[in-house]
Amino acid sequence: MSDRILLAHGSGGRLAHELIEKVLVKPLSNPLLDRLDDSAVVPFSGRLAFTTDSYVVNPIFFPGGDIGKLAVCGTVNDLSMVGATPLYLSLAFIIEEGLLIEELERVLLSVQAAAREAQIQIVTGDTKVVNKGSADKLFVNTAGVGTVPEGIEISGSNARPGDKLILSGTIGDHGIAVLSQREGLGFATKLESDCAPLSGLVAEMMAVSRRIHSMRDPTRGGLATTLNEIAAQSKVGIRIEEEKVPVRDEVRGACEMLGIDPLYVANEGKLVALVHPADADAVLDKMRHHRYGKNAAIIGEVRPDHTGRVVMKTTLGASRIVDMLMGDPLPRIC
Amino acid sequence: MRLADDFRNSELAKGLIDGIRRTSTRKARLMEFCGGHTVAIMRHGIRQLLPPTIEMLSGPGCPVCVTGNADLDKTIALARIPGVILTTFGDMLKVPGSRSSLQEARAEGADVRMVYSTLDALQIARQNPSRQVVFLGVGFETTAPTVAASVLQADKEGVGNYFVLSLHKLCPPVIKAILDSGEIKISGLICPGHVSAVVGSQSWDFIARDYGIPCVVSGFEPLDILQSVHMLVSQVEKGEFKVEIAYRRGVSAEGNKRALEIMYQVFEPGAAAWRGVGTVAGSGLRLGKAYQRFDAEAAFEFDPGPTVEPKGCICGEVLRAVKTPQDCKLFRTVCTPANPVGPCMVSSEGSCAAYYLYEATDER
Numbered sequence: 001m002s003d004r005i006l007l008a009h010g011s012g013g014r015l016a017h018e019l020i021e022k023v024l025v026k027p028l029s030n031p032l033l034d035r036l037d038d039s040a041v042v043p044f045s046g047r048l049a050f051t052t053d054s055y056v057v058n059p060i061f062f063p064g065g066d067i068g069k070l071a072v073c074g075t076v077n078d079l080s081m082v083g084a085t086p087l088y089l090s091l092a093f094i095i096e097e098g099l100l101i102e103e104l105e106r107v108l109l110s111v112q113a114a115a116r117e118a119q120i121q122i123v124t125g126d127t128k129v130v131n132k133g134s135a136d137k138l139f140v141n142t143a144g145v146g147t148v149p150e151g152i153e154i155s156g157s158n159a160r161p162g163d164k165l166i167l168s169g170t171i172g173d174h175g176i177a178v179l180s181q182r183e184g185l186g187f188a189t190k191l192e193s194d195c196a197p198l199s200g201l202v203a204e205m206m207a208v209s210r211r212i213h214s215m216r217d218p219t220r221g222g223l224a225t226t227l228n229e230i231a232a233q234s235k236v237g238i239r240i241e242e243e244k245v246p247v248r249d250e251v252r253g254a255c256e257m258l259g260i261d262p263l264y265v266a267n268e269g270k271l272v273a274l275v276h277p278a279d280a281d282a283v284l285d286k287m288r289h290h291r292y293g294k295n296a297a298i299i300g301e302v303r304p305d306h307t308g309r310v311v312m313k314t315t316l317g318a319s320r321i322v323d324m325l326m327g328d329p330l331p332r333i334c
Numbered sequence: 001m002r003l004a005d006d007f008r009n010s011e012l013a014k015g016l017i018d019g020i021r022r023t024s025t026r027k028a029r030l031m032e033f034c035g036g037h038t039v040a041i042m043r044h045g046i047r048q049l050l051p052p053t054i055e056m057l058s059g060p061g062c063p064v065c066v067t068g069n070a071d072l073d074k075t076i077a078l079a080r081i082p083g084v085i086l087t088t089f090g091d092m093l094k095v096p097g098s099r100s101s102l103q104e105a106r107a108e109g110a111d112v113r114m115v116y117s118t119l120d121a122l123q124i125a126r127q128n129p130s131r132q133v134v135f136l137g138v139g140f141e142t143t144a145p146t147v148a149a150s151v152l153q154a155d156k157e158g159v160g161n162y163f164v165l166s167l168h169k170l171c172p173p174v175i176k177a178i179l180d181s182g183e184i185k186i187s188g189l190i191c192p193g194h195v196s197a198v199v200g201s202q203s204w205d206f207i208a209r210d211y212g213i214p215c216v217v218s219g220f221e222p223l224d225i226l227q228s229v230h231m232l233v234s235q236v237e238k239g240e241f242k243v244e245i246a247y248r249r250g251v252s253a254e255g256n257k258r259a260l261e262i263m264y265q266v267f268e269p270g271a272a273a274w275r276g277v278g279t280v281a282g283s284g285l286r287l288g289k290a291y292q293r294f295d296a297e298a299a300f301e302f303d304p305g306p307t308v309e310p311k312g313c314i315c316g317e318v319l320r321a322v323k324t325p326q327d328c329k330l331f332r333t334v335c336t337p338a339n340p341v342g343p344c345m346v347s348s349e350g351s352c353a354a355y356y357l358y359e360a361t362d363e364r
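Quick note, the sequences are listed as chains A and B, same order.
Residues in the first sequence are numbered from 1 upward in steps of one, following the numbering used here.
Residues in the second sequence are numbered from 1 upward in steps of one, following the numbering used here.
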């Protein structure tokens, strides 16, 4: 077999079969996938949660993860954010001709590890190869399904005045870790992406409270954008305290240097939860005992006033509006 | 670096704010020249914490914002020349010129690449010997030495396809022009931190000496700025006017001699057109005689077309500090960071963007 992906690998012929069987299916093997039928047929009952996302990160390998881990965790987390138990995932690759097969294998190993950790099965998939220049190495799409227990209604629309706002840990780790690897930037940092499946953490949170009203993972657009979305959807105000938002020194330093605000930097293993005030401490305590919630903190609350807006008390004690992200944050000149 | 603990400590900040409140009895109009300071002041809500005696004005210290439409049109026309790769810092991509922006030119097929360093631009030139690589030189004394260094390196290596469009601007002459216009009266100046790291605090001596205006060079953390305000207010109260440094970890009186040497080896002062302020003699940098062959303006033939100013936009007045972003009819209605009309809404250091993003609120 060639050591690089060729256009023929996507042709549906013998090379394609070889690639699918040896590289793609083998590490993910399970009885549902191994059948290789046109659709996976799975038993199911109850309320279904269904989500999809596409992943186009550059570079595809970064400290703390790669596009494979991201593609599993991202979709698992989207399921978890509505209180669903993730069950099955689809996995589709769009590969740029010339990708090293060894790189694809590494991505598959990450997919395997992340799927195992999240206890989710990959049951169907697809591969396409496009001409050089028509994609950036590797694009991945995953779709996922899970079940939502009866009585659980977690939604961005359900935040209520009085709810406590819990953040599961430090913000900006993923965005800055990826940025640090970009060509031409390459500042040295030991920082790793926080990319992680949050299904286990969410299961523990739900075990101590049935009154988690809203949950969301602050990915692109960062914490600021996510909170604005919830404030708008739930028609409430959200107030946070700058001092309580955990930010690593490395992230803060890099953000200062680049002229960007950590509140707008992407995360891939963090969540915000809006929880009934009576349950907040119990949920927080549970989170802090979980590996993905060690730095969890209550950073604010939901207010009946300033509907649709997020207000922050700054470290100095002043108040200001925190708006949504506007376009790409571009590094500044001076 | 422990920015969080050392320079954002809320207890220390409270002490400084109390100090300012105790000291300030007279009306004081303080101008922060630098856009980086404007952003920090807005982001941390510093204005709300100052006593009513103190008024803060935002100055023209945003290199993107002060680049005029005629110059922006030049960059866009250059980018559209077949074979040219235009390299630029990210800030410049979205700024609208008379008819379009670099971002739009790129979408239409121009080869515009964002770089983080001038040496990356030079590397692109080495890697593409059959193309002409132009670096868009926008910035103050902070940036110009790094552009000069890339020219020296290209000269040393004999890289023949590297060019610079020098739209660099110098800060002290424009402050002088603004003060000379008599349009605004200020009682204190927060001098730019990074610019001063290069030019030295002595570059502001003339402001204290000739205009009787107290000056303090400030860093960019909230405590730096509060300390600078405190020092300015103290001078105002005592009737003093001298240049002080509240940013000793970055700035000396002499500045960075090596950087200045490189800058003036490659460039020489010339007139520059500032948005809002107009043409100011000696406030720009053009390539010196020995480095003429790197001058993109001389090397290419291009037609930037007629200059059109955006209708209703008051960026010019905002840059001169005679108006604030809120005085603009377009602010928040037509002009937003997603749909900017003028450059002050585009740049991350622009006053309009800072006022938009970090709007103060009384809601506690």
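These aren't lab readings, by the way, just hints derived from the structure by calculation.
Please note that the accuracy of each hint is not assured.
To be verified - Restricting the straight-line Cα-Cα distance to at most 30 Å, the calculated cross-link-like pairs of lysine-lysine (BS3-like) are:
no., chain 1, residue 1, chain 2, residue 2
1, B, Lys329, A, Lys235
2, B, Lys14, A, Lys313
3, A, Lys235, A, Lys132
4, B, Lys176, B, Lys311
5, B, Lys257, B, Lys27
6, B, Lys323, B, Lys311
7, B, Lys329, A, Lys313
8, A, Lys164, B, Lys323
Being a predicted model, the structure only gives us computed values, none of them experimental.
Practice problem: Provide an ascending list of the numbers of those earlier hints which the structure does not satisfy. | Solution: 3, 5, 8
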